[in-house]
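> What follows is the residue order along each chain.
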Amino acid sequence: MSRELEEEVGTAGLPTGDLTLGQHVGSGEVPRYRGGSRTPGWDDAVDLTKDPATIPDPSTCHVPEDLRAEIEAHMAKYPDTRSAAIPALMAAQKRHVWCTPEAIEQVACVMRLTPGYLVAVAGFYDMLETRPVGRHKVYVCTNISCSLRGADDLMDRVVEEIGDDPDFNVRSFECLGACDIAPMISVDDVYVGPVALEDVPTMVAQIRAGDEVLPEQQIIRRKSVDPNAVST
Amino acid sequence: MPRPEPQFITFSIDGREVQAPANEMLVDAAKRGDVEIPVFCYEPKLGAPVGACRMCLVDIEGIPKLQTGCSTPVKDGMVVHTQTKRVKDAQESVLEFLLINHPLDCPVCDKGGECPLQDVSFGWGGGKTRFIEPKRHFKKPLELSPLVAIDRERCILCYRCVRFSQELSEDYQLVLHERGAATFVGTFDGHPYVAPFSGNIIELCPVGALTSRPYRFRARPWDIENSGSVCTLCPAQCNVAFTVRDDRVLRVMARDNDEVDDGWLCDKGRFAYQSVHAEQRIVAPMVRDGGVLREVPWARAIEEATLALKKSGGRVAGLAGGATTNEEGFLLQRLVRDVHGSPHVDSSAGLPRAGLLAMGDPALQATVADLEFAHTVLVLGTEPVDDMPIVDLRLRKGVRRNRMTLAVATSRPSSLDPNAVLSVRYAPGAEAAFVAALSAAFYGGDVDTPARAAGTDAGAVAELAALLRTSGGDEAGDVVVLYGERVLAGGEAVTQPLLKLAGALGLSGRAGAGLLGIPAATNGRGLREAGVVPDAGPGLAELATAGADAAGIAASLTAGDTTVLYLMHTDPLRDQPQRATWDRALDKATHVIAHAGFMTEGIREHATVVFPAESYAEKEGTIVHPDGRLQRLRPAIGRPAGVRAAWQVLDELMRAAGVDTGLHTVHSATRQLFESVPFYAGLTVDTLGGKGLRWWEDEARAAAWPEPAKPGLLATVASSTPTYEAAATPNGALRLGTFKSIWASPEVEASPALKFLHPTQRVELSPVDAERLGIRHGEHVTVGGDGASVAAVAHLRNESPAGSAFLQSGIPEGAANVLEGPLVEIRKAQST
Amino acid sequence: MSSAILFKDIDQPGLNTLAVYRERGGYGDVLRKGLSMPREALVTELVNSGLRGRGGAGFSMGKKASFMPKGTMDKYLVCNADESEPGTFKDRELMTKSPHMLIEGMILGAYAAGATRAFIYIRGEYAQMADILDDAVAEAYDAGLLGNNILGTDHSLELAVHRGAGAYICGEETALLDSLEGKRGNPRLKPPFPANQGLYQGPTLINNVETLATIPHVLGMGADEYAKIGVENSTGTKLISVSGHVKRPGNYEIELGMSARDIIYGLCGGIEGDLEVKLWFPGGSSSPVLTKDDLDLAYDFDTLAKAGSMLGSGAIIVVDEETSVVDVCLKLAKFYKHESCGKCTPCREGTQWTVKMLERIKSGQATPMDLDIMASVQEQITGHCLCVLGDAMAMPVGSMIAKFRPEFEAYIEEARQRSDAELIASLDAPNEAPLVGSLV
Ligand SMILES: Cc1cc2nc3c(=O)[nH]c(=O)nc-3n(C[C@H](O)[C@H](O)[C@H](O)COP(=O)(O)O)c2cc1C
Ligand code: SF4
Ligand code: FES
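These protein sequence lines are chains A, B and C, in that order.
So in this note's numbering, the last spot in the first sequence is 284, and the numbers never skip.
So in this note's numbering, the last spot in the second sequence is 896, and the numbers never skip.
So in this note's numbering, the last spot in the third sequence is 445, and the numbers never skip.
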């Protein structure tokens, strides 16, 4: 699930993704992403000019060879190939940045599932994006333990620093399982923390430059607080 | 798998001792003690309960937490309470939760008055809310498809609709997006939910979230009456209830008859009622006058027809279509045979009498429900979703719930392939060779020769034989062969090996196993039994002289040996193969008298007298389901002023020829029919009741089935090995296969809501052939051979067998019957 | 008493490699002994050790294994490494640093369950840890510790690491199974329990990372020895994750029965800024909160249960006196609202209603009566849902209202005055846009 849907009264037209990414094509009544795909959401009717979304036929759906191979490798790991849905969607997302309709169709074609099945799966999980996002994942944990240690301010600071850079996908995230380094951030799957407000510019610069992010604060390098703590 | 036998136990509910089958779900068992437990998500037709809505919480002694009655199987000695404060509080809580975001716009909601949410709120709710926050609001209603509107505010997320799409029809198009309170029902990327059974979600929805677009705001429950009948739009003959307001049909809903339809309807059955009130319907008699059909008074039309029949001097032929009732068929053959002395009557049964008797042997008949419980079902030469849609759901259910083994043998890739353990392809038109190969594989004969002729893989045939032989473990279990009667076009070359196979599988006399044929049209079986076949009378009685079949009639018309053709609900240009031949034949006929509801091309161009036909909502009479169930049609509405019942017209024509028919009402026709068919002996419309009756289940009636003239067809083996045409395709040409879409029917064409489903011609071919021919998916092409050609759009299918091309039949323009086959060539269209 | 068991070598460099793990005694006699015992004996050993599940519910590990039916059908072992309960991060430490301990535990656990296929369901966010596990699994395969005929026995085990994609509910065992089957992670109805019909309809044993990683140690020291650690009904050591306003947040291995005060003030060095404790969650954010009056409780399953809370996943979140209980409550409710799968009504609607009420309290539009409604909504959720996620919000929220009602009431009053003042100020400002609607 890419974004919590806002439910306040009045927001009848819920955000249906960043339409600035694409242009409006067609009649103008139906907002679309680049590539002609319609934006999905609560408040949208279906596009009656489309065909029903059945399992894509391999003779008409093109899947890049390496993606197909990766998905098939995942499928081979399980007694029931459908188990590979999440890994396969992840693989496609890596390639397309988010689970674009095209990405979903490609997975559907290889896995012999309907795109509907897969988009329902993708929509359920926080890390699978069903709307356009930037390439760099910056998940700021704002759950209880981190917020007790200043995560909300950190989130604001990160948003401020990154601004509207379309290359970023900044989100406040639920507990990431690293409250020992609160407040913490997962930057493209690398856990760092505690992150001070002053660290933010460095961190963002490192992401932009493709460098390692806050190496000293990465959890992977952290020692257990007190392995023999029982002995107090 | 054999059907389970229920064992009864005793449990206590609200202080009452109640007996119920062990493991029946509590909500169902409670009903036996007159206790109602409210539910929303529970719908046994959808499979195992999900326990999502929590409406059915009950108190079971010995279990600390309240339990969901929908998912708790009753056990002996269980003590259940549904009236305690704890339960009532829980029920009120759940309802309060369900209603906090529900708009309560009942006054403008289509469901109002027939809404489970209203009923349950009234019966079990607290009648108050403490929710003062703003409710969720969405735009409404929105289109979910051209047929269904969705109102997401009203949705209570009971999962029923998505479960239907995912677990019942298995189209997996309708899904839940997002999660938690943000969950909503929708489709992938704004694609419409279009699938053959999509309309069922309207009936399943327990609130007004999913409504029928054609029905929206047309009526309120207190304005309407429901009238039970049977849908005659295809051989499935699902039981329906017509919703009638002011003598107009406004809606069709399922009238559960599990043995027939399991409570579902296809979208044709659900929405094609619109054709009843369509403008283009023929509602007055017409006579050709100066080359054009003009409306005339009834007396004039009858007179014209009477005269034509008289002048023909017995050179008459009658042809009945699938929508013809038993009574109409019976009277038609009386008119042609008894009154005008001509033997030429047909309903395209496809087989001579001996074959019909052998294939229709009561001992060999399987039922629709058997498809669900058999060990193995072989789908042979049919695409159920097109030919008898509701059966598609039944087969999927068998595989899903009862682990039935499904095998498919067809020319065209089947939508059931993914559910089948084995799918075998053979070349279009090579049924005889294929069945011979299969039979040979059973008996250890020569498989290779017929397999090669069938264009199929001998290994796969052997595998199929092995599958059937061992379906019940070490031996053959209950096997049902579900075949499209089209395959019988091969005559004895098909029936002989098929019957032999049936013998080997022990299908004869075995409950839960047998053959089930899908006729080409709705009442195919009934017409046959009423004697609308060239070489048998009512009850398939032997005739002194056999008449011509449909093809023979065409030839006879062309040759001028027959001059008057009497068409009963059929247009040969659409329903028969060889369109050009029929065009010529109809042209030669001096008179074509037709009962028709719509001006299809053959009627428009060739009919000289047109009698407006009753719609299926107006008709009274009986029809026979493919599995032998006699069902009763009852009129839901009155006929339009200019329309008369066909039986009445036939009666008048017979009386005009000086015959005392003895008919007074349609029931007298039914009585005459039942009296003339020995295996219907003792039946009356009353015994059929609302759910019909399988005549062959009564031993005496089954015994009245005529013995085949050639005794022991079942046992005899064709003495000489037939020769098979090789299935190989010469350079460039492709074998022509045909299929008829569920949407190819005049009723669909006349229903505005279904307009978007009108099939247009497409040619399905394999990517291999497409590449060789340099044709891309979606490209306009010309399919032709022998001087004729049709325009089509190329449709690539990965599973399509190389060497074959498939075109649609039954469509108004450019149908497959324009081509004679068996080989065609495909070229890019001149101008795209 | 230095009884570190799981964490004994935790910071040993290279412990994540097979070589170092072996050097430290891993995959040795214990594994051999376990695989040579009759299956039933292994299960008995686990039962006798008193080892209770470390994932949250605290069910006897051995008993659960004993529910696995006999027979030749495909059986599965699933390791629950979803670790999404707020405040919990102990499994992460184990998997990052000692993945082979988990694998060894799973080999034995699978043997006890009669399973020949195992999966580690790890939350997708733990991508780094999943990579480490992948490497360790590959090493184990290469060394013949996974695959066919492990150590020459006739026990075989296929093990794969499966990454989730971000959903707290997938920690719930049946939702985990659906997710592992490639579906939306909705919990299933129980019964049937996973031991009868779990993954792919086959009998399935599901245990937490820590639970499984403990098996080799139970076997190593013997059930009776293991049972001597800790207190009655809560045997052994427990990894606890302490977070929030403590001076030294982190993972600790304690002997069950230690007092909470010793944990928070001893191990963790007390509260930041030397403030008082306002409230603490003893077992993750799903546990009803306790107050500073409860700090002398022994940290074990039964004592915490008796005190109206639970040990849960062993995650202690400490909140100091200066933090508003309303803020904590809202954070919590928002989390559960976001994570509710939406399948069942009370949880889906109850969590969002609670959030709406709390937001109204914050904006100054509430009255103390709303507290009654909120408390009653929590009661309406509790015990009525398909799984216990709904209860996991209702219980702590309910406990906060019950224990901090005066603070809630004061907050409501204060917020109301603040909002009234703002309203009046805006009416006084003549140039401001009209308050209600806009005519443009
Ligand atoms: C909402 C919810 C979330 C849960 N999350 C986890 C989790 O992240 N990790 C875990 O091990 N158990 C979790 N559990 C508990 C599991 O359902 C299950 O009891 C546990 O995995 C069993 O393992 P154990 O017996 O070893 O504790 C959760 C339960 C619920 C209801
Ligand atoms: S739309 Fe209707 S059937 Fe579907 S989930 Fe909502 S209430 Fe249930
Ligand atoms: S009817 Fe039982 S939970 Fe919905």
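Simulated from the structure, these hints should not be mistaken for laboratory data.
Do not take every clue at face value.
Calculated cross-link-like contacts (lysine to any residue; reagent style SDA-like; alpha-carbon spacing at most 25 Å) [as the list claims (entries may be wrong)]:
id	chain 1	residue 1	chain 2	residue 2
1	B	K892	B	P816
2	B	K109	B	R758
3	B	K149	C	D377
4	B	K139	B	D78
5	B	K892	B	E863
6	B	K192	B	E231
7	B	K129	C	S329
8	B	K819	A	T101
9	A	K275	C	T22
10	C	K195	B	G327
11	B	K95	B	G79
12	A	K129	C	T158
13	B	K149	C	E384
14	C	K367	A	D204
15	A	K102	A	E154
16	A	K275	C	L428
17	A	K275	C	I10
18	B	K109	B	G327
19	C	K75	A	P131
No experiment lies behind these values; they were computed from the predicted model shown.
> All the hints need checking, so say for each whether the structure fits it.
Hints, verified against the model:
1. Taking the CA atoms of K892(B) and P816(B), the gap is about 32 Å. The hint is violated against a cut of 25 Å.
2. With a C-alpha separation of about 23 Å, the suggested pair K109(B) and R758(B) falls inside the 25 Å cut-off, and the hint holds.
3. Between K149(B) and D377(C), the direct Cα distance comes to roughly 20 Å. Compliance with the 25 Å bound is thereby established for this hinted pair.
4. Annotation: proposed proximity of K139(B) to D78(B) holds, straight-line Cα distance about 15 Å (limit 25 Å).
5. Restraint check for K892(B) and E863(B): satisfied, since their Cα atoms lie roughly 22 Å apart, inside the 25 Å limit.
6. Straight-line distance between C-alpha atoms of K192(B) and E231(B) comes to about 36 Å, which puts the hinted pair past the 25 Å bound.
7. With a CA separation close to 34 Å, the supplied pair K129(B) and S329(C) exceeds the 25 Å bound.
8. With a C-alpha separation of about 13 Å, the suggested pairing of K819(B) with T101(A) holds against the 25 Å cut-off.
9. For the suggested pair K275(A) and T22(C), the alpha carbons sit about 17 Å apart, so the restraint of at most 25 Å is met.
10. For the suggested pair K195(C) and G327(B), the alpha carbons sit about 28 Å apart, so the restraint of at most 25 Å is broken.
11. For the hint pairing K95(B) with G79(B), the CA-to-CA distance comes to about 14 Å; that is within 25 Å, so the pair holds.
12. Between the alpha carbons of K129(A) and T158(C) the distance comes to roughly 24 Å, so the proposed pair stays at or under 25 Å and holds.
13. In summary, the hint linking K149(B) to E384(C) is supported, as the alpha carbons are separated by about 14 Å, within the 25 Å threshold.
14. Distance check on the hinted pair: K367(C) and D204(A) sit about 16 Å apart at the alpha-carbon level, within 25 Å; holds.
15. Taking the CA atoms of K102(A) and E154(A), the gap is about 15 Å. The hint holds against a cut of 25 Å.
16. Using a Cα cut-off of 25 Å, the hinted pair K275(A) and L428(C) is violated, with the two alpha carbons roughly 53 Å apart.
17. With a C-alpha separation of about 17 Å, the suggested pair K275(A) and I10(C) falls inside the 25 Å cut-off, and the hint holds.
18. The straight-line distance between the Cα atoms of K109(B) and G327(B) is roughly 8 Å, inside the 25 Å bound, and the hint therefore holds.
19. Distance check on the hinted pair: K75(C) and P131(A) sit about 21 Å apart at the alpha-carbon level, within 25 Å; holds.
Hints 1, 6, 7, 10, 16 from the list above are not met by this structure, while the remaining hints are.
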